[in-house]
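Number of protein chains: 4
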Amino acid sequence: MPHSNPRRKKNLLLRLSRIEGQIRGISRMVEEEQYCVDILNQISAVRSALSSVGQILLEGHIRGCVTDAIKSDHGDESIDELMQIIKKYTL
Amino acid sequence: MPHSNPRRKKNLLLRLSRIEGQIRGISRMVEEEQYCVDILNQISAVRSALSSVGQILLEGHIRGCVTDAIKSDHGDESIDELMQIIKKYTL
Amino acid sequence: MPHSNPRRKKNLLLRLSRIEGQIRGISRMVEEEQYCVDILNQISAVRSALSSVGQILLEGHIRGCVTDAIKSDHGDESIDELMQIIKKYTL
Amino acid sequence: MPHSNPRRKKNLLLRLSRIEGQIRGISRMVEEEQYCVDILNQISAVRSALSSVGQILLEGHIRGCVTDAIKSDHGDESIDELMQIIKKYTL
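Line order of the protein sequences matches chains A, B, C and D.
Just so you know, our numbering puts the end of the first sequence at 784, numbered straight through with nothing missing.
Just so you know, our numbering puts the end of the second sequence at 784, numbered straight through with nothing missing.
Just so you know, our numbering puts the end of the third sequence at 784, numbered straight through with nothing missing.
Just so you know, our numbering puts the end of the fourth sequence at 784, numbered straight through with nothing missing.
Any given hint could turn out to be false.
Where chains are identical, the list cannot tell them apart; a pair therefore holds if satisfied intra-copy or between any two copies.
Stated by the list, open to error - The calculated lysine to aspartate or glutamate pairs, modelled on EDC-like cross-linking and capped at a C-alpha distance of 20 Å, are:
| id | residue 1 | residue 2 |
| --- | --- | --- |
| 1 | K780 | E770 |
| 2 | K702 | E774 |
| 3 | K764 | E752 |
| 4 | K780 | E726 |
| 5 | K764 | D731 |
| 6 | K703 | E752 |
| 7 | K703 | E725 |
| 8 | K781 | D766 |
| 9 | K780 | D769 |
Don't read these hints as lab results, they were simulated from the structure.
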């Protein structure tokens with residue numbers, strides 16, 4: 694994140710610390726042998742929360758690094774890399 | 694998880710504690726403003742790890758609760774609930 | 694689909710013929726060099742429509758074949774196969 | 694697709710016509726009441742084929758329209774639109 698933005702960074706760290714807490718909650722549910730469906734619903738919630746973090750990072754990356762690379766005529770490599778990430782995130 | 698299985702439980706808790714560590718690692722990467730693409734790759738790895746946990750739980754649920762419900766002729770409601778989870782996990 | 698249901702079958706065939714029409718529409722958009730974003734939105738709509746067809750089939754499969762297999766104490770193999778499909782459909 | 698590329702266009706149309714054939718094949722399988730799991734596997738194959746078409750279009754869009762918008766200092770709106778598509782394609 695060379696295009697640092699303190700507010701976005703704080704937002705990301707807050708979201709990640711919430712996700713960490715959710716993971717601990719899931720461990721507790723498994724420990725206490727709670728109903729599988731409830732645990733699966735929690736896992737699905739964490740997956741969504743992680744996707745949001747990914748989208749914030751991806752948007753920052755495109756507005757920052759990719760935009761700079763394109764402006765200085767070095768976009769090709771940067772777009773190759775971007776496509777690799779997008780492929781990873783989509784089925 | 695009324696169909697408890699100590700080995701599976703231990704396996705799940707181990708996976709979840711590893712995921713918790715990965716989330717902490719991602720927070721550190723954000724804190725240190727590492728390259729977005731590397732952070733995004735880590736997020737993608739955690740998503741896969743969470744999916745594996747979900748699949749283990751889902752399989753246990755189908756082999757346990759859903760199978761029992763079907764055998765005692767109460768499968769319909771259990772399958773309704775199962776379909777809701779599957780829809781949540783698939784695009 | 695050994696557990697045939699004429700109404701469900703008709704519903705599925707109608708959905709599939711609509712999807713076929715949507716694919717032809719996308720080909721036309723590509724042919725006419727329409728705006729990529731509009732084409733991508735159409736592709737996303739077809740993906741959702743295909744997922745719905747998949748969910749209807751999967752639900753029928755679980756209520757039919759898988760349920761029968763479980764009731765006649767041959768559930769294990771059937772659930773193995775089911776898990777393979779679910780893994781294919783989820784990330 | 695204002696940044697037309699005859700080879701890419703031909704490739705896309707070929708892929709789409711193959712997908713159309715696959716959809717017709719799935720209709721036939723439903724018509725003949727073939728085994729659900731086989732039909733579901735075919736649907737999964739079409740979903741992958743559609744994703745590939747989407748990725749080709751998306752890459753072309755980024756290398757074409759988005760790059761041009763960024764170079765002429767109108768990237769913001771274009772990236773907003775891009776993020777909307779990416780969100781649609783990722784879970």
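Here is what the structure says about each hint:
{"no.": "1", "hint": "K780 <-> E770", "result": "within (16 Å within a copy, 23 Å between copies)"}
{"no.": "2", "hint": "K702 <-> E774", "result": "neither (22 Å within a copy, 23 Å between copies)"}
{"no.": "3", "hint": "K764 <-> E752", "result": "both (17 Å within a copy, 18 Å between copies)"}
{"no.": "4", "hint": "K780 <-> E726", "result": "neither (36 Å within a copy, 24 Å between copies)"}
{"no.": "5", "hint": "K764 <-> D731", "result": "neither (48 Å within a copy, 22 Å between copies)"}
{"no.": "6", "hint": "K703 <-> E752", "result": "within (16 Å within a copy, 31 Å between copies)"}
{"no.": "7", "hint": "K703 <-> E725", "result": "between (33 Å within a copy, 12 Å between copies)"}
{"no.": "8", "hint": "K781 <-> D766", "result": "neither (26 Å within a copy, 29 Å between copies)"}
{"no.": "9", "hint": "K780 <-> D769", "result": "within (17 Å within a copy, 23 Å between copies)"}
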